[in-house]
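Student: Here are the chains, one letter per residue:
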Amino acid sequence: MLHIVNKSPFQTSTLQSCLDHALAGDAILLIEDGVYAAIRGSAVAAAVTEAKGKVTFHALGPDIAARGIAPEKLIDGVTSVDYGGFVDLVAEHQTNQAWL
Amino acid sequence: MGYMFNGAEAEHDEEGYLTDLGQWTPELALLIAQAENLEMTDERWEVVNFLRDYYEEYQVAPAIRVLTKALSKSMGPEKGNSEYLYELFPYGPAKQACKIAGLPKPTGCI
Amino acid sequence: MADVRRFLYINRKAPYGTIYALESLEVVLIGAAFEQDVSLAFLDDGVFQLAKGQDTSGIGMKGFSAIYRALGDYGVTKLYVETDSLATRGLTLDDLQAITFEDENDGYTEKPSIIPVNKAEMAKVMAEQDVVLSF
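Chains as they are written, first to last, in our numbering: chain A, 1 to 100; chain B, 1 to 110; chain C, 1 to 135.
No lab work stands behind these hints, which were simulated from the structure alone. Fair warning: this is a prediction, and the values are worked out from it, not measured in the lab. Careful: at least some of the hints might be erroneous.
[What the hints assert, rightly or not] Mimicking DMTMM-like on lysine to aspartate or glutamate, the simulated pairs with C-alpha atoms at most 25 Å apart in a straight line are:
| no. | chain 1 | residue 1 | chain 2 | residue 2 |
| --- | --- | --- | --- | --- |
| 1 | B | K79 | C | D103 |
| 2 | B | K69 | C | D44 |
| 3 | B | K73 | C | D94 |
| 4 | C | K52 | B | D53 |
| 5 | C | K111 | B | E57 |
| 6 | C | K62 | B | D53 |
| 7 | A | K73 | C | D94 |
| 8 | C | K62 | B | E9 |
| 9 | B | K105 | C | E35 |
| 10 | A | K73 | C | D44 |
| 11 | C | K52 | C | E35 |
| 12 | C | K52 | B | E56 |
| 13 | B | K69 | C | D106 |
| 14 | A | K52 | A | D82 |
| 15 | B | K69 | C | D3 |
| 16 | B | K95 | C | E26 |
| 17 | B | K73 | C | E110 |
| 18 | C | K62 | B | E57 |
| 19 | C | K52 | A | D20 |
| 20 | C | K52 | C | D3 |
| 21 | C | K111 | B | D53 |
| 22 | B | K95 | C | E35 |
| 23 | B | K73 | C | E104 |
| 24 | C | K62 | A | D82 |
| 25 | B | K79 | C | E35 |
| 26 | C | K52 | A | D76 |
| 27 | C | K62 | B | E14 |
| 28 | B | K105 | C | E110 |
| 29 | A | K73 | C | D84 |
| 30 | B | K73 | C | D84 |
| 31 | C | K62 | B | D20 |
| 32 | A | K73 | C | D95 |
| 33 | A | K73 | C | E26 |
| 34 | C | K62 | B | E15 |
| 35 | B | K69 | C | D94 |
| 36 | B | K105 | C | D106 |
| 37 | B | K73 | C | D95 |
| 38 | C | K78 | B | E56 |
| 39 | C | K62 | A | E32 |
| 40 | B | K69 | C | E104 |
Build the full structure now, drawing on both the sequences and the hints.
Tutor: Spelled out as structure tokens, the structure:
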């Protein structure tokens with residue numbers, strides 16, 4: 001399963017709900033305001049770091065750049081993907097779920 | 001709708017503002033000025049170039065009050081006042097000059 | 001001027017996920033023509049609006065972070081930023097772009113527009129206003 005999160009984790013409980021339902025081996029892709037969850041040292045960074053043990057984290061590069069988040073501000077292990085990588089992630093997983 | 005230019009069409013909205021800023025060239029400015037019945041004198045170019053520089057830096061076309069203040073500072077009070085600017089651009093300096101400069105219609109424009 | 005009122009625009013949304021941030025900026029620019037005592041507050045996700053280095057070329061949207069630097073020209077010189085909101089989001093003041101204004105009453109000296117405040121101070125700023133507009 002690929003989970004796609006597009007909401008700021010500081011504005012809604014969307015990310016937390018996604019983390020609570022993601023299973024081992026799933027992938028989580030952060031897009032739009034969802035990429036704010038990838039910032040190192042924030043109030044949700046611990047939850048993301050903890051979840052890294054069971055799921056993989058990806059964040060859409062163009063959305064990261066648009067928001068002025070420097071690459072060195074990203075939590076270790078969160079991989080930045082471009083639009084091609086987005087398509088690859090969707091293709092690699094049998095199902096995907098958008099947490100709107 | 002568009003300005004026919006070099007065999008191509010530069011699209012504009014119903015008021016004559018360029019849809020794509022990227023299409024602007026000084027030659028196209030002459031064409032837009034012609035449509036506004038204005039001849040591009042050095043004085044008019046000075047204002048148009050100033051607007052383009054301002055937009056380049058701040059991504060916004062300045063309101064008239066901001067324009068006169070900034071012009072006054074860089075070119076002196078005899079050019080940084082609305083009478084002078086309305087003489088150059090009778091239908092509103094921010095509006096007409098911005099159109100010729102290829103910028104969007106200024107927010108809260110006169 | 002006898003009739004100057006204190007206006008506060010409250011910004012609580014991130015810049016590109018919704019239209020609120022850009023709408024707020026446009027209203028501020030238009031409202032500036034009325035020469036009131038205008039302040040802007042940035043808290044919660046609103047602090048993301050001021051992040052430096054925003055490059056929207058990859059998402060097909062017009063970037064508008066440069067417009068905040070023009071606010072000084074419009075007489076808008078007080079941008080209150082809540083430091084608690086920054087910390088929650090893993091940011092510090094160094095992650096924000098520099099925004100300045102030229103002080104006409106002080107020989108056009110360039111001064112910072114961003115005023116860092118904590119939660120309690122922000123509450124006080126809010127309480128001091130005549131008109132509050134929320135985005």
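Student: Run every hint past the structure and note whether it holds.
Tutor: Hints, verified against the model:
no.: 1; hint: B:K79 / C:D103; verdict: holds (22 Å)
no.: 2; hint: B:K69 / C:D44; verdict: violated (34 Å)
no.: 3; hint: B:K73 / C:D94; verdict: violated (31 Å)
no.: 4; hint: C:K52 / B:D53; verdict: holds (21 Å)
no.: 5; hint: C:K111 / B:E57; verdict: holds (19 Å)
no.: 6; hint: C:K62 / B:D53; verdict: holds (18 Å)
no.: 7; hint: A:K73 / C:D94; verdict: holds (12 Å)
no.: 8; hint: C:K62 / B:E9; verdict: holds (23 Å)
no.: 9; hint: B:K105 / C:E35; verdict: holds (22 Å)
no.: 10; hint: A:K73 / C:D44; verdict: holds (19 Å)
no.: 11; hint: C:K52 / C:E35; verdict: violated (28 Å)
no.: 12; hint: C:K52 / B:E56; verdict: holds (17 Å)
no.: 13; hint: B:K69 / C:D106; verdict: holds (16 Å)
no.: 14; hint: A:K52 / A:D82; verdict: holds (20 Å)
no.: 15; hint: B:K69 / C:D3; verdict: holds (23 Å)
no.: 16; hint: B:K95 / C:E26; verdict: holds (17 Å)
no.: 17; hint: B:K73 / C:E110; verdict: holds (14 Å)
no.: 18; hint: C:K62 / B:E57; verdict: holds (14 Å)
no.: 19; hint: C:K52 / A:D20; verdict: violated (33 Å)
no.: 20; hint: C:K52 / C:D3; verdict: violated (36 Å)
no.: 21; hint: C:K111 / B:D53; verdict: holds (22 Å)
no.: 22; hint: B:K95 / C:E35; verdict: holds (21 Å)
no.: 23; hint: B:K73 / C:E104; verdict: holds (11 Å)
no.: 24; hint: C:K62 / A:D82; verdict: holds (19 Å)
no.: 25; hint: B:K79 / C:E35; verdict: holds (23 Å)
no.: 26; hint: C:K52 / A:D76; verdict: holds (21 Å)
no.: 27; hint: C:K62 / B:E14; verdict: holds (21 Å)
no.: 28; hint: B:K105 / C:E110; verdict: violated (29 Å)
no.: 29; hint: A:K73 / C:D84; verdict: holds (18 Å)
no.: 30; hint: B:K73 / C:D84; verdict: violated (39 Å)
no.: 31; hint: C:K62 / B:D20; verdict: holds (12 Å)
no.: 32; hint: A:K73 / C:D95; verdict: holds (10 Å)
no.: 33; hint: A:K73 / C:E26; verdict: violated (30 Å)
no.: 34; hint: C:K62 / B:E15; verdict: holds (21 Å)
no.: 35; hint: B:K69 / C:D94; verdict: violated (31 Å)
no.: 36; hint: B:K105 / C:D106; verdict: violated (33 Å)
no.: 37; hint: B:K73 / C:D95; verdict: violated (31 Å)
no.: 38; hint: C:K78 / B:E56; verdict: holds (24 Å)
no.: 39; hint: C:K62 / A:E32; verdict: holds (15 Å)
no.: 40; hint: B:K69 / C:E104; verdict: holds (11 Å)
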